[in-house]
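Undergrad: Sequence:
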Amino acid sequence: MAKTTVRDIYRASLSILFEQEDNDPDFKRSFPFFLSKLLMEILPYENQVRRFQKREALSPEDVPVITEIDDTTLPYDERFLRIAVPDGIAGLFMADDDSKKAESVLQYNKYVQACIDICPAVFEDLYTSEEDEDA
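Using my numbering, read the sequence shown as starting at 1122 and increasing by one per residue.
No lab work stands behind these hints: they were computed from the structure. Think of the CB as a built atom: it goes at the ideal place given N, C-alpha and C, for glycine as much as any other residue. Keep in mind that a hint or two might mislead.
Stated by the list, open to error - Per label pair, the in silico range of CB-to-CB distance:
(1) D1217 to R1176: 32 to 40 Å
(2) R1150 to A1242: 32 to 40 Å
(3) R1128 to L1227: 24 to 32 Å
(4) S1136 to D1238: 18 to 26 Å
(5) T1249 to E1142: 47 to 55 Å
(6) K1124 to K1175: 19 to 27 Å
(7) P1146 to R1172: 35 to 43 Å
(8) V1233 to S1151: 18 to 26 Å
(9) K1124 to D1238: 31 to 39 Å
(10) R1132 to V1233: 19 to 27 Å
Input sequences plus hints: build the corresponding full structure.
TA: Right, here's the structure in full:
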C-alpha cells in the first residue's frame, strides 16, 4: 500500500489553491514550515487514532521536521495526510492574502472538522477499580 509523501501533500495543497507546481515561490518556501506545524498540531488526533487501534502513541520527538519537498513518508494515519493536512496548509497559505481572509478561515475550518471526523471516540470505564480487574 502506497504511503502519502511530503510531495503528495504539497501537490494536494496546490490543487486546493488552483496553483501549478513551482509557480508560486512563496508557497514552495512556506510549505515545509506549514507542514511541520500541522504535523505537530494534529499529534493529539493521531495519538487518539493510535490508542483506538491499540498502537503505541507518537511523542513530539517522533514528529519529523520537514525541511524540503521530497518523497519522505510520514508516520501518520493516511486519512489525516490525504484529507485534513492539505486543507490546513491551503488555509494557512491563504491567510496572508487580504482578499482571501474569509476563504482562509473556511479552509482552515475544513481542516479542523476533518481532524475531528477522523478521530475516533475512545471510551474508558471510569467506574472499574484496579481491584475489579484483578478478580
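Undergrad: Decide, hint by hint, whether the structure agrees.
TA: Evaluation of the provided hints:
Taking the beta carbon of each, D1217 and R1176 are about 37 Å apart, inside 32 to 40 Å as hinted. Distance hint check for R1150 and A1242: the Cβ-Cβ separation is about 39 Å, which falls inside the suggested range of 32 to 40 Å. A beta carbon spacing of about 26 Å between R1128 and L1227 agrees with the range 24 to 32 Å that was offered as a hint. One distance hint, 18 to 26 Å for the beta-carbon pair S1136 and D1238, holds here, with the actual separation near 20 Å.
Range check, T1249 to E1142: Cβ separation about 54 Å, and the 47 to 55 Å hint holds. A C-beta distance of roughly 21 Å is found between K1124 and K1175, which places it inside the suggested range of 19 to 27 Å. Checked against the given bound of 35 to 43 Å, the beta carbons of P1146 and R1172, roughly 40 Å apart, stay inside it. As the Cβ distance of V1233 to S1151 is approximately 20 Å, the hint placing it in 18 to 26 Å holds.
Distance hint check: the CB atoms of K1124 and D1238 are about 21 Å apart, inconsistent with the given range 31 to 39 Å. Look at R1132 against V1233: about 22 Å separates their beta carbons, and that is inside 19 to 27 Å.
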